[in-house]
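Participant: Sequence:
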Amino acid sequence: MERNLRKERIGVVVSNKMQKSIVVAVKRKVKHPIYGKFVNKTTRFVAADDENTCNVGDTIRIMETRPLSKTKRWRLVEIIERAK
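So in numbering that gives the first Met the number 0, spot 76 of the sequence shown is number 75, and the numbers just go up one at a time.
Please keep in mind that the hints were generated in silico from the structure rather than gathered at the bench. Some hints could be false.
[Claimed, not checked] Across the chosen pairs, the derived CB separations fall in these ranges:
id : residue 1 : residue 2 : range
1  : 34        : 58        : 28 to 34 Å
2  : 33        : 0         : 27 to 33 Å
3  : 13        : 33        : 29 to 35 Å
4  : 49        : 80        : 16 to 22 Å
5  : 38        : 79        : 20 to 26 Å
6  : 62        : 32        : 29 to 35 Å
7  : 37        : 0         : 36 to 42 Å
8  : 3         : 40        : 23 to 29 Å
9  : 52        : 25        : 15 to 21 Å
[To be verified] Mimicking DSBU-like on lysine-lysine, the simulated pairs with C-alpha atoms at most 35 Å apart in a straight line are:
id : residue 1 : residue 2
10 : 30        : 83
11 : 83        : 28
12 : 30        : 40
13 : 30        : 71
14 : 83        : 19
15 : 36        : 19
16 : 6         : 83
17 : 36        : 71
18 : 30        : 69
19 : 83        : 71
20 : 26        : 83
21 : 71        : 28
22 : 16        : 26
23 : 30        : 6
24 : 69        : 6
25 : 71        : 16
26 : 6         : 36
27 : 6         : 71
28 : 26        : 6
29 : 71        : 26
30 : 19        : 69
31 : 26        : 69
32 : 16        : 28
33 : 28        : 6
34 : 19        : 40
35 : 16        : 6
36 : 40        : 28
37 : 26        : 36
38 : 83        : 16
The beta-carbon is built from N, C-alpha and C at its ideal position, and this holds for glycine as well.
All chains should be modelled from the sequences, with the hints used to inform the complete structure.
Facilitator: Here it is, written out as structure tokens:
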């Protein structure tokens, strides 16, 4: 049995105050339906970071996974760029 592809997103760590968890902000550009202007929209995901390796400002890749808690549905795949 083959399982479906899991969604991946690239975002920036906004909060790492929790233990083994981070909050990731994923930005996307959406065209306004009437005015046609592109608007920045942000979605916040709570992701699992079991080694507590991420810091605020890091650019990371997260992957969809089974529910790990009430809000956690994503997990850390890799750290793309460390915060300066």
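Participant: Are any of the numbered hints broken by this structure? If so, which, sorted upward?
Facilitator: The structure breaks hints 2, 15; every other hint is satisfied.
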